[in-house]
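Let's have the full structure, built from the sequences with the hints guiding it.
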Amino acid sequence: MTQPQTVARGWRLPLRRRPAALIAIGTARVLAHLPPRRIRTVLTLLRRRAAPATYHQVKDALDTVLAISVLYGGRYCLQRSLATALLCRIRGVWPTWCTGVRTSPFIAHAWVEADGQLVGEPQGPGYYHPLIVIPPVPNTQESVTRCR
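Each residue of the sequence shown is one higher than the one before, starting from 61 at the first, in the numbering used here.
To be clear, the hints were calculated from the coordinates, so they are not data collected in a lab. This one's a predicted model, so the numbers in the text were calculated from it and none came from an experiment. Treat the hints with care, since some could be wrong.
[As the list claims (entries may be wrong)] Between beta-carbon pairs, the in silico distance windows are:
(1) R76 x H189: 33 to 43 Å
(2) P95 x P74: 28 to 38 Å
(3) G186 x P96: 35 to 45 Å
Idealized CB from N, CA, C, for every residue including glycine.
The following block contains the structure:
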């Protein structure tokens, strides 16, 4: 079970930002029911042509997800991390999406990172051990030649 997460009391999400968040949350619910191999394939495709996200961009996306879906503040770490990554992608950036295990107690967990830091997780580095990592892809010469 993951640590409960909430947004600051009194923080209200502007109406214009809700549709993108609702799309990300709905898509995350569907993706969460897929096998890990399929999730990896979908996220690997989605990260293409997205700039690497900063810590503040990912934190803002996470806060938006938590403001819209109260359920994601609790045990639903997979859906929460997927919705956060998808919302970042809608905004044109991509975080590092991870799933793996945590120690003490040993349990599966999913999270997002940016700028080498865990985003929205109370534990520090070394507490989580990633098994699947989908980092942002920097724009390379290969993507430029494909466009020609």
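Consistency of the hints with the structure:
| no. | hint | result |
| --- | --- | --- |
| 1 | R76 x H189: 33 to 43 Å | holds (39 Å) |
| 2 | P95 x P74: 28 to 38 Å | holds (36 Å) |
| 3 | G186 x P96: 35 to 45 Å | violated (23 Å) |
When the structure is compared with the earlier hints, a violation turns up for hint 3 alone.
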